[in-house]
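Enquirer: Sequence:
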Amino acid sequence: MKIIRSIAAFDSSEKTIVTIGTFDGIHIGHKKILKNLISTAKKEGKKSVLLTFFPHPRMVLQKDKTILLLNTLDEKSMLLKKMGLDYLIIHPFSKEFSRLTALDFVRDILVNTLNTSRLIIGYDHHFGKNREGNIHQLKEYSSLYDFNIQEIPAQDIDDVSVSSTKIRTALKEGNLKIANNYLGYQYMLSGIVVSGKQLGGTIGFPTANIEVEESYKLVPSSGVYIIRTRINSIVFYGIMNIGFNPTVLGKHQTIEAHLFDFNENLYGKKITIKFIHFLREEQKFNSVEELVGQLNIDKENAISYLSNNRI
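Going by our numbering, the sequence shown opens with residue 12, and the numbers climb by one from there.
It is possible that part of the hints are untrue.
[Claimed, not checked] Below, computed lysine-lysine pairings styled on BS3-like, alpha-carbon distance capped at 30 Å:
1. K183 <-> K43
2. K177 <-> K93
3. K208 <-> K285
4. K281 <-> K93
5. K53 <-> K92
[Said to hold, decoys possible] So the derived label-pair ranges between C-beta atoms look like this:
6. S233 <-> E25: 43 to 53 Å
7. Q73 <-> I214: 39 to 49 Å
8. L111 <-> S318: 47 to 57 Å
Since the hints were derived computationally from the structure, they do not count as laboratory data.
No residue lacks a Cβ here, since even glycine has one placed at the ideal position from N, Cα and C.
The task is simple: from the sequences and hints, build the whole structure.
Expert: This is the structure we're talking about:
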(Lines of atoms letter the chains of each structure in order from A; the text may use other names.)
(Lines give C-alpha, C1' and ligand atoms only; values in the text may rest on other atoms or scores of the structure.)
Protein backbone atom coordinates (compact mmCIF):
# COMPACT_ATOMS: atom_id res chain seq x y z
CA MET A 12 0.00 0.00 0.00
CA LYS A 13 1.24 3.45 -0.90
CA ILE A 14 0.52 6.33 1.49
CA ILE A 15 0.20 9.71 -0.21
CA ARG A 16 0.02 12.88 1.87
CA SER A 17 -1.74 15.11 -0.63
CA ILE A 18 -4.17 14.70 -3.50
CA ALA A 19 -1.79 16.71 -5.70
CA ALA A 20 0.96 14.13 -5.08
CA PHE A 21 -1.13 11.30 -6.52
CA ASP A 22 0.02 10.35 -9.99
CA SER A 23 -1.36 7.30 -11.73
CA SER A 24 -2.26 6.65 -15.33
CA GLU A 25 -4.28 3.64 -14.20
CA LYS A 26 -8.01 3.88 -13.60
CA THR A 27 -9.04 3.74 -9.94
CA ILE A 28 -11.93 2.63 -7.74
CA VAL A 29 -12.36 5.27 -5.04
CA THR A 30 -14.17 5.70 -1.75
CA ILE A 31 -14.08 8.74 0.51
CA GLY A 32 -14.46 9.12 4.26
CA THR A 33 -12.95 9.35 7.71
CA PHE A 34 -13.07 5.59 8.35
CA ASP A 35 -12.07 6.12 11.98
CA GLY A 36 -11.51 2.81 13.73
CA ILE A 37 -11.51 0.64 10.58
CA HIS A 38 -14.15 -1.39 12.42
CA ILE A 39 -16.32 -4.24 11.12
CA GLY A 40 -18.74 -1.83 9.41
CA HIS A 41 -15.91 -0.08 7.59
CA LYS A 42 -14.34 -3.38 6.59
CA LYS A 43 -17.48 -4.45 4.73
CA ILE A 44 -17.23 -1.31 2.56
CA LEU A 45 -13.46 -1.57 2.13
CA LYS A 46 -13.58 -5.27 1.19
CA ASN A 47 -16.10 -4.34 -1.49
CA LEU A 48 -13.80 -1.56 -2.72
CA ILE A 49 -10.73 -3.79 -2.83
CA SER A 50 -12.44 -6.81 -4.40
CA THR A 51 -14.17 -4.64 -7.04
CA ALA A 52 -10.84 -3.04 -7.97
CA LYS A 53 -9.18 -6.45 -8.34
CA LYS A 54 -12.03 -7.82 -10.47
CA GLU A 55 -11.85 -4.82 -12.77
CA GLY A 56 -8.06 -4.75 -12.88
CA LYS A 57 -7.88 -1.28 -11.30
CA LYS A 58 -6.34 0.29 -8.21
CA SER A 59 -8.25 0.76 -4.94
CA VAL A 60 -8.07 4.22 -3.37
CA LEU A 61 -9.27 5.54 -0.03
CA LEU A 62 -9.34 9.34 0.13
CA THR A 63 -9.43 10.59 3.70
CA PHE A 64 -8.65 13.88 5.39
CA PHE A 65 -6.62 15.11 8.35
CA PRO A 66 -7.21 16.99 10.56
CA HIS A 67 -10.79 15.84 10.97
CA PRO A 68 -13.02 18.44 9.23
CA ARG A 69 -14.80 19.22 12.51
CA MET A 70 -11.46 20.17 14.06
CA VAL A 71 -10.97 22.76 11.31
CA LEU A 72 -14.42 24.08 10.49
CA GLN A 73 -15.96 23.99 13.96
CA LYS A 74 -12.69 24.22 15.91
CA ASP A 75 -13.91 21.23 17.89
CA LYS A 76 -11.04 20.28 20.18
CA THR A 77 -13.15 17.74 22.07
CA ILE A 78 -13.40 15.26 19.21
CA LEU A 79 -11.58 12.02 19.99
CA LEU A 80 -10.61 9.48 17.36
CA LEU A 81 -10.21 5.71 17.60
CA ASN A 82 -7.12 5.63 15.36
CA THR A 83 -4.02 7.69 14.90
CA LEU A 84 -2.86 8.04 11.30
CA ASP A 85 -0.18 5.37 11.87
CA GLU A 86 -2.71 2.93 13.31
CA LYS A 87 -5.17 3.55 10.49
CA SER A 88 -2.42 3.05 7.89
CA MET A 89 -1.36 -0.24 9.48
CA LEU A 90 -4.93 -1.59 9.51
CA LEU A 91 -5.57 -0.58 5.90
CA LYS A 92 -2.30 -2.10 4.71
CA LYS A 93 -3.37 -5.44 6.21
CA MET A 94 -6.58 -5.27 4.18
CA GLY A 95 -4.72 -4.97 0.88
CA LEU A 96 -5.65 -1.41 -0.10
CA ASP A 97 -3.53 -0.03 -2.96
CA TYR A 98 -3.51 3.69 -2.12
CA LEU A 99 -4.29 5.66 1.02
CA ILE A 100 -4.46 9.39 0.32
CA ILE A 101 -4.39 11.52 3.48
CA HIS A 102 -5.16 15.02 2.30
CA PRO A 103 -4.56 18.01 4.65
CA PHE A 104 -7.99 19.43 5.40
CA SER A 105 -8.17 23.22 5.54
CA LYS A 106 -10.74 26.00 5.27
CA GLU A 107 -9.41 26.74 1.80
CA PHE A 108 -9.98 23.16 0.71
CA SER A 109 -13.51 23.22 2.17
CA ARG A 110 -14.38 26.09 -0.23
CA LEU A 111 -13.99 23.89 -3.32
CA THR A 112 -17.32 23.70 -5.13
CA ALA A 113 -18.89 20.31 -5.75
CA LEU A 114 -18.13 20.65 -9.46
CA ASP A 115 -14.48 21.55 -8.82
CA PHE A 116 -14.14 18.59 -6.48
CA VAL A 117 -15.54 16.13 -8.99
CA ARG A 118 -13.81 17.52 -12.08
CA ASP A 119 -10.41 18.48 -10.65
CA ILE A 120 -9.96 15.81 -7.98
CA LEU A 121 -12.04 12.73 -8.77
CA VAL A 122 -11.69 12.84 -12.54
CA ASN A 123 -8.53 14.75 -13.48
CA THR A 124 -6.33 13.77 -10.53
CA LEU A 125 -7.55 10.43 -9.16
CA ASN A 126 -8.59 9.08 -12.57
CA THR A 127 -11.74 7.62 -11.02
CA SER A 128 -13.70 5.05 -13.00
CA ARG A 129 -15.97 4.07 -10.10
CA LEU A 130 -16.85 5.94 -6.89
CA ILE A 131 -18.20 3.89 -4.00
CA ILE A 132 -20.06 6.30 -1.74
CA GLY A 133 -22.85 6.48 0.83
CA TYR A 134 -26.37 7.69 0.13
CA ASP A 135 -25.92 10.49 2.68
CA HIS A 136 -22.49 11.70 1.55
CA HIS A 137 -22.10 15.47 1.22
CA PHE A 138 -19.07 17.29 -0.15
CA GLY A 139 -17.84 20.57 -1.55
CA LYS A 140 -18.45 24.13 -0.41
CA ASN A 141 -21.13 24.33 2.28
CA ARG A 142 -21.63 20.56 1.76
CA GLU A 143 -23.63 21.43 -1.37
CA GLY A 144 -22.70 18.22 -3.19
CA ASN A 145 -24.76 15.07 -2.66
CA ILE A 146 -25.40 11.67 -4.19
CA HIS A 147 -27.84 13.11 -6.73
CA GLN A 148 -25.28 15.60 -8.05
CA LEU A 149 -22.65 12.89 -8.14
CA LYS A 150 -24.89 10.80 -10.36
CA GLU A 151 -25.36 13.77 -12.70
CA TYR A 152 -21.61 14.46 -12.83
CA SER A 153 -20.85 10.76 -13.36
CA SER A 154 -22.69 10.86 -16.69
CA LEU A 155 -20.93 14.07 -17.68
CA TYR A 156 -17.42 12.84 -16.79
CA ASP A 157 -17.86 9.15 -17.56
CA PHE A 158 -17.43 7.41 -14.22
CA ASN A 159 -19.73 5.06 -12.32
CA ILE A 160 -21.39 5.55 -8.96
CA GLN A 161 -21.82 2.58 -6.65
CA GLU A 162 -24.09 3.59 -3.79
CA ILE A 163 -23.45 2.06 -0.38
CA PRO A 164 -26.78 0.83 1.04
CA ALA A 165 -28.37 2.89 3.82
CA GLN A 166 -28.22 -0.11 6.18
CA ASP A 167 -24.45 -0.37 5.78
CA ILE A 168 -23.98 3.36 6.41
CA ASP A 169 -26.19 3.17 9.48
CA ASP A 170 -24.20 0.17 10.74
CA VAL A 171 -20.98 2.18 10.41
CA SER A 172 -22.42 5.11 12.37
CA VAL A 173 -23.89 2.91 15.11
CA SER A 174 -20.67 0.90 15.43
CA SER A 175 -18.50 4.02 15.78
CA THR A 176 -20.79 5.47 18.47
CA LYS A 177 -20.96 2.21 20.39
CA ILE A 178 -17.18 1.75 20.30
CA ARG A 179 -16.49 5.24 21.67
CA THR A 180 -19.16 4.89 24.35
CA ALA A 181 -17.91 1.44 25.36
CA LEU A 182 -14.30 2.60 25.68
CA LYS A 183 -15.34 5.59 27.78
CA GLU A 184 -17.31 3.25 30.06
CA GLY A 185 -14.63 0.57 30.33
CA ASN A 186 -16.66 -1.97 28.35
CA LEU A 187 -13.75 -3.33 26.39
CA LYS A 188 -15.54 -6.49 25.25
CA ILE A 189 -18.16 -4.51 23.30
CA ALA A 190 -15.53 -2.17 21.83
CA ASN A 191 -13.31 -5.02 20.64
CA ASN A 192 -16.27 -6.95 19.22
CA TYR A 193 -17.32 -3.98 17.10
CA LEU A 194 -13.74 -3.18 16.08
CA GLY A 195 -12.98 -6.76 15.10
CA TYR A 196 -9.56 -6.40 16.73
CA GLN A 197 -8.08 -5.36 20.09
CA TYR A 198 -8.16 -1.64 20.71
CA MET A 199 -4.67 -0.16 20.64
CA LEU A 200 -2.80 2.74 22.15
CA SER A 201 0.64 3.90 21.03
CA GLY A 202 3.06 6.21 22.78
CA ILE A 203 6.56 7.04 23.93
CA VAL A 204 7.85 5.53 27.18
CA VAL A 205 8.79 8.38 29.52
CA SER A 206 10.18 8.64 33.03
CA GLY A 207 7.61 8.58 35.83
CA LYS A 208 7.75 8.62 39.63
CA GLN A 209 9.49 5.22 39.47
CA LEU A 210 7.44 3.96 42.41
CA GLY A 211 6.58 0.73 40.57
CA GLY A 212 10.16 -0.50 40.59
CA THR A 213 10.45 -0.07 44.35
CA ILE A 214 7.36 -2.21 45.04
CA GLY A 215 8.10 -5.02 42.60
CA PHE A 216 5.92 -3.76 39.76
CA PRO A 217 8.11 -1.71 37.39
CA THR A 218 6.01 0.11 34.83
CA ALA A 219 6.47 1.71 31.45
CA ASN A 220 4.85 5.14 31.60
CA ILE A 221 3.37 5.84 28.19
CA GLU A 222 2.86 9.31 26.82
CA VAL A 223 0.38 9.45 23.94
CA GLU A 224 1.56 12.11 21.51
CA GLU A 225 -1.73 12.60 19.66
CA SER A 226 -4.11 14.67 21.77
CA TYR A 227 -7.05 13.54 19.63
CA LYS A 228 -6.56 9.83 20.45
CA LEU A 229 -9.31 8.33 22.61
CA VAL A 230 -7.85 6.91 25.82
CA PRO A 231 -10.09 4.26 27.45
CA SER A 232 -11.67 4.94 30.84
CA SER A 233 -9.66 4.74 34.07
CA GLY A 234 -9.07 1.23 35.33
CA VAL A 235 -6.84 -1.81 35.16
CA TYR A 236 -6.59 -3.79 31.92
CA ILE A 237 -4.94 -6.96 30.67
CA ILE A 238 -2.70 -5.99 27.75
CA ARG A 239 -0.16 -7.23 25.27
CA THR A 240 2.60 -5.60 23.28
CA ARG A 241 5.30 -6.64 20.85
CA ILE A 242 8.90 -5.65 21.59
CA ASN A 243 11.71 -6.76 19.27
CA SER A 244 9.31 -9.24 17.63
CA ILE A 245 8.47 -10.88 20.98
CA VAL A 246 4.97 -10.66 22.47
CA PHE A 247 4.73 -9.72 26.14
CA TYR A 248 1.59 -9.69 28.27
CA GLY A 249 0.91 -7.57 31.30
CA ILE A 250 -1.45 -5.28 33.15
CA MET A 251 -2.00 -1.57 32.61
CA ASN A 252 -3.41 1.09 34.87
CA ILE A 253 -5.03 4.17 33.40
CA GLY A 254 -5.88 6.80 35.99
CA PHE A 255 -4.69 9.24 38.61
CA ASN A 256 -2.97 6.96 41.13
CA PRO A 257 -5.14 8.11 44.07
CA THR A 258 -3.24 5.94 46.58
CA VAL A 259 -0.11 8.08 46.10
CA LEU A 260 -2.09 11.31 45.54
CA GLY A 261 -1.46 11.56 41.83
CA LYS A 262 -2.62 14.78 40.17
CA HIS A 263 -2.44 13.88 36.49
CA GLN A 264 -3.74 10.97 34.45
CA THR A 265 -1.05 8.40 33.72
CA ILE A 266 -0.90 5.34 31.52
CA GLU A 267 1.34 2.73 33.13
CA ALA A 268 2.06 -0.75 31.80
CA HIS A 269 3.60 -3.56 33.84
CA LEU A 270 4.86 -6.31 31.53
CA PHE A 271 5.29 -9.84 32.86
CA ASP A 272 8.81 -11.31 32.67
CA PHE A 273 10.27 -8.14 31.17
CA ASN A 274 13.10 -6.05 32.64
CA GLU A 275 14.56 -4.06 29.75
CA ASN A 276 14.85 -0.27 29.58
CA LEU A 277 12.22 1.17 27.25
CA TYR A 278 12.76 4.90 27.86
CA GLY A 279 12.38 6.90 24.67
CA LYS A 280 10.95 4.00 22.68
CA LYS A 281 7.54 3.99 21.04
CA ILE A 282 5.40 0.99 21.87
CA THR A 283 1.89 -0.08 20.93
CA ILE A 284 -0.33 -1.56 23.62
CA LYS A 285 -3.30 -3.76 22.73
CA PHE A 286 -6.17 -4.05 25.20
CA ILE A 287 -7.36 -7.60 25.90
CA HIS A 288 -9.67 -7.44 28.93
CA PHE A 289 -10.91 -4.96 31.56
CA LEU A 290 -10.02 -6.23 35.05
CA ARG A 291 -11.32 -3.61 37.48
CA GLU A 292 -11.88 0.07 38.14
CA GLU A 293 -9.12 2.19 39.63
CA GLN A 294 -9.19 2.19 43.42
CA LYS A 295 -7.71 4.22 46.27
CA PHE A 296 -6.02 2.06 48.89
CA ASN A 297 -5.20 2.96 52.49
CA SER A 298 -1.52 2.15 52.06
CA VAL A 299 1.09 1.19 49.49
CA GLU A 300 1.09 -2.29 51.03
CA GLU A 301 -2.62 -2.68 50.21
CA LEU A 302 -1.90 -1.49 46.69
CA VAL A 303 0.86 -4.10 46.28
CA GLY A 304 -1.50 -6.80 47.54
CA GLN A 305 -4.10 -5.83 44.95
CA LEU A 306 -1.51 -5.68 42.16
CA ASN A 307 -0.50 -9.25 42.97
CA ILE A 308 -4.16 -10.27 42.74
CA ASP A 309 -4.47 -8.40 39.44
CA LYS A 310 -1.46 -10.24 38.08
CA GLU A 311 -2.84 -13.61 39.16
CA ASN A 312 -6.22 -12.80 37.61
CA ALA A 313 -4.57 -11.69 34.39
CA ILE A 314 -2.46 -14.86 34.10
CA SER A 315 -5.55 -16.97 34.83
CA TYR A 316 -7.58 -15.13 32.18
CA LEU A 317 -4.81 -15.50 29.58
CA SER A 318 -4.45 -19.22 30.25
CA ASN A 319 -8.20 -19.84 29.99
CA ASN A 320 -8.95 -17.75 26.89
CA ARG A 321 -7.71 -17.89 23.33
CA ILE A 322 -6.04 -14.52 22.67
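Enquirer: Going through the earlier hints one by one, which of them does the structure break, listed in rising order?
Expert: none
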